[in-house]
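From just these sequences and the hints, can you work out the full model?
Each chain, written out:
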Amino acid sequence: AQKITQTQPGMFVQEKEAVTLDCTYDTSDQSYGLFWYKQPSSGEMIFLIYQGSYDEQNATEGRYSLNFQKARKSANLVISASQLGDSAMYFCAMREGSSTLGRLYFGRGTQLTVWP
Amino acid sequence: GAVVSQHPSWVICKSGTSVKIECRSLDFQATTMFWYRQFPKQSLMLMATSNEGSKATYEQGVEKDKFLINHASLTLSTLTVTSAHPEDSSFYICSATPREQYFGPGTRLTVT
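Protein chains in written order, with this note's numbering: chain Z, 1 to 116; chain S, 1 to 112.
Hints listed in this document are in silico derivations from the structure and should not be mistaken for laboratory results. Bear in mind the structure is a predicted one, so any value in this text is a computation, not a measurement. Positions of the beta carbon are idealized from the N, C-alpha and C atoms, including for glycine. Warning: the hint list may mix true and false statements.
Said to hold, decoys possible - Sample of chain Z residues facing chain S (criterion: CB under 7 Å; computed from the structure): (1) 35; (2) 40; (3) 44; (4) 45; (5) 103; (6) 108; (7) 109.
See the structure below:
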């Protein structure tokens, strides 16, 4: 079974609007971490936001927020006030276990296009 | 600023030759480094886990004799693609613990 599922191959949003990118995960571990990355055409993986499984509050970083619904095993990324520069591929990832030595499992990604 | 660097950022090599890619942790010691591969329009897949001073652990389906990994110091791991073939053309990217949420800028390999 896929550990990370991103069901939206592509999303379109108008500039200044908010957009939600979906991510569901599958793990039997009680301790895990969830990550979102932005990958522009240059290829670099830009770390956006992190949510720990024991964090009670949803993570926020500037215009990015993570809508963490533990019971539903979902970790959706919300981008507020979209900008043209937000156009990129977005990946959701998970690290299982509490150790920082864990590898990351990635979803297939969502290509976000922001139009003026 | 960047926490992990990679060199080179891109490389073109002829089929049958070997190419070495470096991954360096900046300003911190990395006991473990992860090597990922990404084919065009696909996700990142872990190739191997590199531990300083010991043999790397390879994911199922990754040929350890083809992708040689050497983690010689706490700040440097190298990936050598031996006898490269066109199907090895890919984007190779690394991360390093304890800051494994940060990735290097990646190396784009093209084998002609």
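I'd like to know which numbered hints this structure contradicts. Please list them from smallest to largest.
Number 2 - this is the single hint that the structure violates.
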